[in-house]
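Taking the hints into account, I'd like the entire structure generated from these sequences.
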Amino acid sequence: MKKAAAALSLLFLLLFAGCGNTQAKPPAFPETVFDRRAVKIRCGEQEISGLLSAGENGVFLFTLTAPEAFSGLRVRHTAAGDKTQFGTLSYSGDLLSRFCLPELFAAIEAASNTQALSREEAGFSGHTASGEAFSIETGETGAISRLTLGGVSAEFAPREEREEAENSGKRVDETSEESAGERPEEALSNDETEKD
-19 MKKAAAALSL LFLLLFAGCG NTQAKPPAFP ETVFDRRAVK IRCGEQEISG
31 LLSAGENGVF LFTLTAPEAF SGLRVRHTAA GDKTQFGTLS YSGDLLSRFC
81 LPELFAAIEA ASNTQALSRE EAGFSGHTAS GEAFSIETGE TGAISRLTLG
131 GVSAEFAPRE EREEAENSGK RVDETSEESA GERPEEALSN DETEKD
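Reading the sequence shown from the start, the letters are residues -19 to 176 in my numbering.
Since the hints were made in silico from the structure, they are not lab data. We put the beta carbon where it would ideally sit given N, CA and C, even for glycine. Please note that a few of the clues may not be correct.
Stated by the list, open to error - Label-pair distances were calculated between CB atoms; the ranges are:
#, residue 1, residue 2, range
1, Leu69, Arg99, 40 to 46 Å
2, Ala102, Gln26, 21 to 27 Å
3, Ala60, Thr121, 28 to 34 Å
4, Ser98, Ser72, 32 to 38 Å
5, Thr68, Glu101, 44 to 50 Å
6, Ala113, Glu36, 20 to 26 Å
7, Ala96, Ala60, 21 to 27 Å
8, Pro138, Asn93, 22 to 28 Å
9, Gly61, Val13, 18 to 24 Å
10, Glu27, Gly67, 21 to 27 Å
11, Arg22, Leu75, 17 to 23 Å
12, Pro138, Thr68, 31 to 37 Å
This is the structure we're talking about:
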């Protein structure tokens, strides 16, 4: 009988001790500078996937991985303008505007001003420079997991899947390098964008 009472007391202690620690940690501020994050973007009826790098001062590089027919198409966005590359072809402009990339870039850039963000249960909300409301969900480290803005939603792969995405991106870069005859860009910097 004493053993049963002791076991029951221990069970109650464990249950009630665990209840006090169930409070969720507040989300960390969004990480707005990152390299080659796998992302799936939905804009209305359109959907694309790719690898997104976000540098400082509003420099972005998006490499399309799906749909497969356009895998390897790269869009570089800077304050000076956009440049799109596909194999040996290049275009000084954004061919992927209909997939809401400019809106996504604007929201990530606006999120870098943490003082302008409002804390929500799972993340933050704020407004782009043009006044559009957006919300961002983050993990404990600040890695963005989801971003929504009007009719746009972007879901970022968890960090565990980053290695797989990077390997996929390297295959895309190698293919682009072979067809374009040039070295793929490894990092985002303002120096590189001024040369474009």
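Hint check:
Hint check: leucine 69 to arginine 99, Cβ distance near 44 Å, so the stated range 40 to 46 Å holds. Checked against the hint of 21 to 27 Å, the pair alanine 102 and glutamine 26 passes, with Cβ atoms roughly 26 Å apart. The supplied range of 28 to 34 Å is met by alanine 60 and threonine 121, whose beta-carbon atoms lie about 32 Å from each other. Under the hint 32 to 38 Å, the C-beta atoms of serine 98 and serine 72, about 37 Å apart, fit the expected range.
A hinted range of 44 to 50 Å holds for the C-beta pair threonine 68 and glutamate 101, which are about 48 Å apart. Judged by the Cβ atoms, the range 20 to 26 Å given for alanine 113 and glutamate 36 holds: they are separated by roughly 24 Å. In this structure the supplied range 21 to 27 Å holds for alanine 96 paired with alanine 60, their Cβ-Cβ distance being about 24 Å. Range check, proline 138 to asparagine 93: about 25 Å between beta-carbon atoms, so the 22 to 28 Å window is met.
Glycine 61 and valine 13 have their C-beta atoms about 21 Å apart, which keeps the hinted 18 to 24 Å range intact. Range check, glutamate 27 to glycine 67: about 23 Å between beta-carbon atoms, so the 21 to 27 Å window is met. The hinted window of 17 to 23 Å between arginine 22 and leucine 75 holds, with their beta carbons roughly 18 Å apart. Distance hint check: the CB atoms of proline 138 and threonine 68 are about 35 Å apart, consistent with the given range 31 to 37 Å.
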